[in-house]
Amino acid sequence: MARKQKFKHVMSVIERRIRQGDYVLTPIPGERKIAEETGVSHMTARKAVRGLLDKKVLIRRANGLLDISPAYQAIGGGSAHFILLYPAYASTYLTHLRQTVSEAAEQYGLSMRPVQYVHWDDPVVASAVTNPAGLILIPSSVDVPVHLLTALRSSKSVLLDLDLSEYNVPSIRLFPDTHIIKVFDYLRKLGHRRIDCISTQHHNPEIERRIRLWREWIERHGLAGELHEHPTRSFGDATPGAYDAMRKLLDQDTLDATAFVGTTFPAAVGAMRACWERGLKVGKDVSICAVNIEPPARFMTPSVTGLDTPNLTKLLRQCFDWFTNDQEWAGTKRLETSRAEFVEGESTGKAGTVRSLPTTAMPQM
1 MARKQKFKHV MSVIERRIRQ GDYVLTPIPG ERKIAEETGV SHMTARKAVR GLLDKKVLIR
61 RANGLLDISP AYQAIGGGSA HFILLYPAYA STYLTHLRQT VSEAAEQYGL SMRPVQYVHW
121 DDPVVASAVT NPAGLILIPS SVDVPVHLLT ALRSSKSVLL DLDLSEYNVP SIRLFPDTHI
181 IKVFDYLRKL GHRRIDCIST QHHNPEIERR IRLWREWIER HGLAGELHEH PTRSFGDATP
241 GAYDAMRKLL DQDTLDATAF VGTTFPAAVG AMRACWERGL KVGKDVSICA VNIEPPARFM
301 TPSVTGLDTP NLTKLLRQCF DWFTNDQEWA GTKRLETSRA EFVEGESTGK AGTVRSLPTT
361 AMPQM
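Mapping the sequence shown onto my numbering, position 150 (from 1) lands on 150, and the numbers just tick up by one.
Hints were generated in silico from the structure; no laboratory data involved. Small disclaimer: the values here were computed from a predicted structure and weren't measured. Hints may contain errors.
Said to hold, decoys possible - In silico lysine to any residue, SDA-like type, Cα no more than 20 Å apart, as pairs:
| no. | residue 1 | residue 2 |
| --- | --- | --- |
| 1 | Lys8 | Glu37 |
| 2 | Lys189 | Pro205 |
| 3 | Lys284 | Thr254 |
| 4 | Lys281 | Gly349 |
| 5 | Lys182 | Glu216 |
| 6 | Lys314 | Ser165 |
| 7 | Lys47 | Leu65 |
| 8 | Lys8 | Ala35 |
| 9 | Lys8 | Tyr72 |
| 10 | Lys350 | Gly191 |
| 11 | Lys6 | Arg50 |
| 12 | Lys182 | Glu219 |
| 13 | Lys56 | Asp67 |
| 14 | Lys56 | Gln73 |
| 15 | Lys284 | Asp253 |
| 16 | Lys284 | Arg273 |
| 17 | Lys314 | Glu341 |
| 18 | Lys189 | Asp256 |
| 19 | Lys182 | Glu346 |
| 20 | Lys8 | Thr38 |
| 21 | Lys333 | Arg317 |
| 22 | Lys182 | Ser303 |
| 23 | Lys248 | Glu277 |
| 24 | Lys47 | Val24 |
| 25 | Lys284 | Thr301 |
| 26 | Lys333 | Pro205 |
| 27 | Lys333 | Phe323 |
| 28 | Lys248 | Glu229 |
| 29 | Lys47 | Met11 |
| 30 | Lys281 | Met300 |
| 31 | Lys55 | Gln5 |
Produce the entire structure from the sequences given, and follow the hints as far as they go.
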């Protein structure tokens, strides 16, 4: 590659990084670092930087450090990116939320930079909270520490799928109390009078809220129910724990409930698998649902009953409006949708007596 082509290639790399928000949390590197990252000589990197300065893509601060030019930002080349910060573990639920936020931002005309974190003291968390363009944070299962709450309150940050509005942090709560109760009411409508709860997710305020709502609901209606709680570790998969809990109930012949509600979708999936292995037909012999379902729920056999993720466009636009102006947050700090996206799947049916297990069980996992 000719030298002229090399420095132009380096220029295009830096511009592409700026457009994609790669320098939202980290500063523009110096010439020597650019040379190392792009595999060119220091002189070629210097020529590329000079070209970017001439194009007014970059500016050089008084301290000698490079930065994105305000003129380049004004024409949209280096537009500000708000950050979507979410836990670094594989999850269809997190992927779905990321896609939802990304699509809403694109419709609004904003640029989003997805960033993952491993723990609350991860350096990217502190950097993300100070991002002037705004932050949407999906919390992990570990409680948000006090020092981070303080930082969130004094920044343009919004919590997604955890309600911290009582701490004066704008929060989008996906599933209001009244929506969750619709799931319980549906089971009661089907005739179920013994409704157990399976919770295998790592403890956090949201899971505790769902358990509390279930307890209050069965007490209010004078129904029977038992909590089967086996919390997994933080960042762990809740499915195996629910599978083991249900398998134990079946193997010990202590299955008294005609319906089970999982605090999460993985809890319902694990319980359903254990029933299938022992010859019980979910939706007929026993009903199993989840407080909220995830995208695969519709394609499972049987499909799973529960609350689908609501349309968040309107709520996210309210957040984006805040990100793009210099005003204080206006209105309530708790954002909720008014419509419950309840899905009647095949995993729930009319109450009956749970039939005895067959003598020959299905193959186990």
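- Of the hints given before, which are not true for this structure? 2 and 24
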